[in-house]
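Chemist: Chain residues, written in single-letter form:
2 protein chains.
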Amino acid sequence: MQNEYEIMHIDTDIIEETDIKEEITTLLKERNFSQLKSIISDMNPFDIALIMEELPKEKIAIFFRILPKDLAAETFVEIDTDMQEELIHTFSDVELREVFTELYLDDTVDILEELPAGVVKRILKNTDRETRHIINELLQYPEDSAGSIMTTEYVRLNSSLTVADAIAVIRRSGVDKETIYTCYVTDNNRKVMGIVTARMLLTSSPDKVIEEIMETSVIVAKTTDDRESVVTALQKYDFVALPVVDDENRLVGIVTIDDAIDVLQEEATEDIEKMAAITPTEKPYLKMSAWGLFLSRIPWLLLLMISATFTGMIITGFEASLASQAVLIAFIPMLMGTGGNSGSQSSVTVIRALSLDELGLGDIFRVVWKEIRTAILCGGCLALACFIKIWLVDRMLLNNPEITIMVDMVICISLFITVLSAKIVGAILPMLAQAVKLDPAVMASPFITSIVDVLSLIVYFKVATSVLGI
Amino acid sequence: MQNEYEIMHIDTDIIEETDIKEEITTLLKERNFSQLKSIISDMNPFDIALIMEELPKEKIAIFFRILPKDLAAETFVEIDTDMQEELIHTFSDVELREVFTELYLDDTVDILEELPAGVVKRILKNTDRETRHIINELLQYPEDSAGSIMTTEYVRLNSSLTVADAIAVIRRSGVDKETIYTCYVTDNNRKVMGIVTARMLLTSSPDKVIEEIMETSVIVAKTTDDRESVVTALQKYDFVALPVVDDENRLVGIVTIDDAIDVLQEEATEDIEKMAAITPTEKPYLKMSAWGLFLSRIPWLLLLMISATFTGMIITGFEASLASQAVLIAFIPMLMGTGGNSGSQSSVTVIRALSLDELGLGDIFRVVWKEIRTAILCGGCLALACFIKIWLVDRMLLNNPEITIMVDMVICISLFITVLSAKIVGAILPMLAQAVKLDPAVMASPFITSIVDVLSLIVYFKVATSVLGI
Numbered sequence: 001m002q003n004e005y006e007i008m009h010i011d012t013d014i015i016e017e018t019d020i021k022e023e024i025t026t027l028l029k030e031r032n033f034s035q036l037k038s039i040i041s042d043m044n045p046f047d048i049a050l051i052m053e054e055l056p057k058e059k060i061a062i063f064f065r066i067l068p069k070d071l072a073a074e075t076f077v078e079i080d081t082d083m084q085e086e087l088i089h090t091f092s093d094v095e096l097r098e099v100f101t102e103l104y105l106d107d108t109v110d111i112l113e114e115l116p117a118g119v120v121k122r123i124l125k126n127t128d129r130e131t132r133h134i135i136n137e138l139l140q141y142p143e144d145s146a147g148s149i150m151t152t153e154y155v156r157l158n159s160s161l162t163v164a165d166a167i168a169v170i171r172r173s174g175v176d177k178e179t180i181y182t183c184y185v186t187d188n189n190r191k192v193m194g195i196v197t198a199r200m201l202l203t204s205s206p207d208k209v210i211e212e213i214m215e216t217s218v219i220v221a222k223t224t225d226d227r228e229s230v231v232t233a234l235q236k237y238d239f240v241a242l243p244v245v246d247d248e249n250r251l252v253g254i255v256t257i258d259d260a261i262d263v264l265q266e267e268a269t270e271d272i273e274k275m276a277a278i279t280p281t282e283k284p285y286l287k288m289s290a291w292g293l294f295l296s297r298i299p300w301l302l303l304l305m306i307s308a309t310f311t312g313m314i315i316t317g318f319e320a321s322l323a324s325q326a327v328l329i330a331f332i333p334m335l336m337g338t339g340g341n342s343g344s345q346s347s348v349t350v351i352r353a354l355s356l357d358e359l360g361l362g363d364i365f366r367v368v369w370k371e372i373r374t375a376i377l378c379g380g381c382l383a384l385a386c387f388i389k390i391w392l393v394d395r396m397l398l399n400n401p402e403i404t405i406m407v408d409m410v411i412c413i414s415l416f417i418t419v420l421s422a423k424i425v426g427a428i429l430p431m432l433a434q435a436v437k438l439d440p441a442v443m444a445s446p447f448i449t450s451i452v453d454v455l456s457l458i459v460y461f462k463v464a465t466s467v468l469g470i
Numbered sequence: 001m002q003n004e005y006e007i008m009h010i011d012t013d014i015i016e017e018t019d020i021k022e023e024i025t026t027l028l029k030e031r032n033f034s035q036l037k038s039i040i041s042d043m044n045p046f047d048i049a050l051i052m053e054e055l056p057k058e059k060i061a062i063f064f065r066i067l068p069k070d071l072a073a074e075t076f077v078e079i080d081t082d083m084q085e086e087l088i089h090t091f092s093d094v095e096l097r098e099v100f101t102e103l104y105l106d107d108t109v110d111i112l113e114e115l116p117a118g119v120v121k122r123i124l125k126n127t128d129r130e131t132r133h134i135i136n137e138l139l140q141y142p143e144d145s146a147g148s149i150m151t152t153e154y155v156r157l158n159s160s161l162t163v164a165d166a167i168a169v170i171r172r173s174g175v176d177k178e179t180i181y182t183c184y185v186t187d188n189n190r191k192v193m194g195i196v197t198a199r200m201l202l203t204s205s206p207d208k209v210i211e212e213i214m215e216t217s218v219i220v221a222k223t224t225d226d227r228e229s230v231v232t233a234l235q236k237y238d239f240v241a242l243p244v245v246d247d248e249n250r251l252v253g254i255v256t257i258d259d260a261i262d263v264l265q266e267e268a269t270e271d272i273e274k275m276a277a278i279t280p281t282e283k284p285y286l287k288m289s290a291w292g293l294f295l296s297r298i299p300w301l302l303l304l305m306i307s308a309t310f311t312g313m314i315i316t317g318f319e320a321s322l323a324s325q326a327v328l329i330a331f332i333p334m335l336m337g338t339g340g341n342s343g344s345q346s347s348v349t350v351i352r353a354l355s356l357d358e359l360g361l362g363d364i365f366r367v368v369w370k371e372i373r374t375a376i377l378c379g380g381c382l383a384l385a386c387f388i389k390i391w392l393v394d395r396m397l398l399n400n401p402e403i404t405i406m407v408d409m410v411i412c413i414s415l416f417i418t419v420l421s422a423k424i425v426g427a428i429l430p431m432l433a434q435a436v437k438l439d440p441a442v443m444a445s446p447f448i449t450s451i452v453d454v455l456s457l458i459v460y461f462k463v464a465t466s467v468l469g470i
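Protein sequences, first through last, are from chains A and B.
Residue 1 is where the first sequence starts when you use the working numbering, and the numbers rise one by one after that.
Residue 1 is where the second sequence starts when you use the working numbering, and the numbers rise one by one after that.
Please keep in mind that the hints were generated in silico from the structure rather than gathered at the bench.
Since the list gives no way to pick one copy over another, a pair counts as held whenever it fits inside one copy or between any two copies.
Dumping the calculated DSBU-like pairs for lysine-lysine here, alpha-carbon to alpha-carbon at most 30 angstroms: (1) Lys-191 <-> Lys-37; (2) Lys-69 <-> Lys-236; (3) Lys-59 <-> Lys-121; (4) Lys-125 <-> Lys-283.
Isolated chain A (complex conformation) (with noise of 0.2 angstroms):
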C-alpha cells in the first residue's frame, strides 16, 4: 500500500498561496461535508484555524462541527477567545463535553482564565467532578507561576515495574498524556524519585527494572515559582519537560517544552512592551481595539509628560544666561537626545541581562566599572566628533559667528559629562529596580530618558555659565 504524502514548507501560507479557501467555501455552500471532512483531516489545527477566522461568521459552527473530535479540540485552542466564546453559545452540553474531554487541563485552563465567569460556570458544569475540581485548583495558582502554565496530565511510573512494563503502561495510558518523552517515578506519596525518559526506555534492555535505569538528580520547580524561571531552568538543562512540586515536594504536575517556548515568547514581548512604555496587553496588535491601545499607553506618556516639567522649569530659571548667548539653545536637542540614547543603550543591556539571568545583583560594581570606562570611550568620541563637527559646519560652512571656539568647548565638555553620566544612570537604575524586587524593564529608555534630559540641561547650563561667565 503507498499512502499519498504531502510536503509542505514552513513559509507556505495556507490561504494566500493555495486555492484551500476557495474550496472549503464551495464545499461549505453545496454541503458536501464527506469531501470537506477529507480534506481537513490532513491539515494542522493551527493552519485551520486560519482558515476559520477567514469564514464568514454564520459558516463558523457548522465548519468546527465536520471536525474529527480529537482535531476539534486541538484547533478550538488555536482560535481566539472571541471565537471560542461565540462556538460555546452555539454548543449544546453535550458537544460542550465533547469538546473539553479531549483538551489538555492546562489549555482548558488558559481558555477558561480569558472567558467570561458565566461561560466558566456553563463548562464546569458540563465536567466531572474530578476534573472540575483540578481545574479549580490549577485557576487559582497566581497568573504568572509555574502552577498557571503546569498540565497534570503526566505518565507516573512505579519504580519497581520493568521496562516492558513501563512501556505497555505508556501504551495503556500515554494517550491522553501531554507528553510521554519524560515519565515521572514517584513513591507512594507521590515524592518524587526519579526521571525515565523515553529514550531511556527505547534504548534499554526490556527486562531492567525501573529503578536501575532511571536518573535520581531531579531538578523541580514549586508551584509557586515564577513561570520565567521555569522556562530558563528548561532552556538551560535542555530538558522536554521539568516536574513541579508542593511544599512537600508531592509532585502535582509538569511544564512541557511547547508551553514553555510562548511563555518565551510572551515574556520577551512584555519586556519590550515595558521598555517602550507601553502597558502590556496578552492580545495580538490586530486584536486591540484603538481604546485599548489607546488605555495601554497613556498613563505612561501623561506621567513622562508631567515628568517634563523639570526640563522646563530648569530652561525658565537660565533664560537671562540663554538670552544673553541664544546660540546654546540650538544645541539643547541635540545634547538631550545623545544623552537620552546614551543612557538607554546601557539601561537596554542591562535589563536584557538581568532578565536572562547572565547578570545578579552582586555583580554592580562590575557593571558601573564596565560603563564607565565605556562611557568614557564613547563620551570622548563623540566630544571630539562634535566638536569637529560645530566648528566645520555650524561655524564654517553655515558661518556662525555666535560660535566661538568657547561655546564649542561648552558644548562639546557637556556632551561628554552627559553622556557619562547618562551611562552610570542607565545602568544603576535597572539594577536598583531589581533590588527593590520592581521589574527593571520599567528603567528602560523613556525613564531614563526623562531623567538625563534633565541631567543634561543642569550640566550644560552649568558649564556654560561658568566656561562663559554668563
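Using the hints provided, position chain B relative to the given structure of chain A.
Modeler: Structure of chain B alone, referenced to chain A:
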C-alpha cells in the same frame, strides 16, 4: 535495591547555596579523584560548567579530565569559547577526538564557528573523513539559516518496517541521535514521505507497518530558510523537531526544539539591542570588554548625534521669533520628549508584531488607521492635560506672566499634532523597512525619536508663528 535520590529546586544556585565549590577545591587539592568523580557524575553539564568558571585556571584541565566521557562532551558545549580554546590547547589528539566524537554535529559546528582557524584545522584533522565532510557542509550555510542550526543526526526509518522493527532500529542507533522522538520516513532518494513519533510507536501495536501509522502530511523547512521562521513554525505547530530539506526535497537534517528555544532567546535579545541602537553581539554582557561595548554602541550614537544637526538648524532659523517669545523655549524638551515617546510606543508595538508574524505588509492600512484613532485619543488627552497643567502650574502657581491663553494653546495644539504625526511615522517606518527587506527593529525609539524631534520643532514653530503672529 534503593537508589539514593536527590531533588534540587530550579532556583538553587549550585555555587552560592551549596558548599560544593569548596568541596571540589579540597578534593582537587587532595587529588582525591575517585570521590570527585562520584560527586560530579550526578551533576548537570550546565552546573558543572558554572563550577569550572569558578575554578583557578590551572585546575580546569585536571578537573575536566575527571569527567566521564559523555558528560565531558556535554559540559564542553556549555563552557564559554575562551575556556574551550584553552582546554583544546591542553588536549592531546586522542583526547580531542574523544570529546568531539561524543558531541552532536550541530554543537560541533556551533563551537567551530567561534574558534580561531588554527584550532578548527586541528579539530577537523582529528575527525574521520565522513564527519569532516558533513561538518564542512554545515559550516557553509549562512549564519542565520536553518542549515546552520540543524543537526544531521536523526533517526531515518523505512516505510516497510513494522513498529517492533522500528523500535529495534531506535534501540540500536538511537543513542547517537539528537532526538528519537520524531523519526523520519524517507524513500530511496532520501525524499521525505512521512514522520513517525516515538509516541505513535509506543502507542501502536508492534506488528503494524510504519507506512500505515505514519503522518503523511509533513511540514518542512529549506536549508536556506531564515532560522527565525523555523523557530516560529516549531512554535506554532507545537513540534519537537522540524525536518530540513534541500532544493530537491531530500532530507538533510532536523532542527530540534532545544536549539530553537536558544534561537528564540537570541533573536529576542538581538531585536531588543537593535531597538536600543546597539549593534547586536552574541556575547553575554559580563564577557564583553568595555572596548567591545564601545564598538557596538558608538556608530549609532554618532549617526544619531549628526542627525540631530537638523534640530539645531531649525532652532537657529527661528531664533528671532524665539527671542520675542522666550517662554516658548522652555516647552521644547517636553514637546520633543512626548512626541518621541508616542512614536516609540507605536514603532515598538509594530516591530514586535512583525517579528511575531502577527502582522504582514498587507495590513499597513489597518495599522495606520488604528494608530490614527489611538493617536487622536492619546493626543487629545495629553493636550488637555497639558493645557490645564500649564495654566494651573506655570501661570497661576509659578506666576509666569509670559504664559497667555494663546501661548498655552500654541503649545497644546503643537503637542496634539506632534503626537499624531509621531504615531503615524512610528507605525509606518517599521513596515516600510520590512517592505524593502531591512530589519524593522532598527526603526525603533532612537531612530523614530530623531525624526520626531525634527517634526515636532517644525510643527511648534509653524503653529507659534501663525497663532502668535511672530
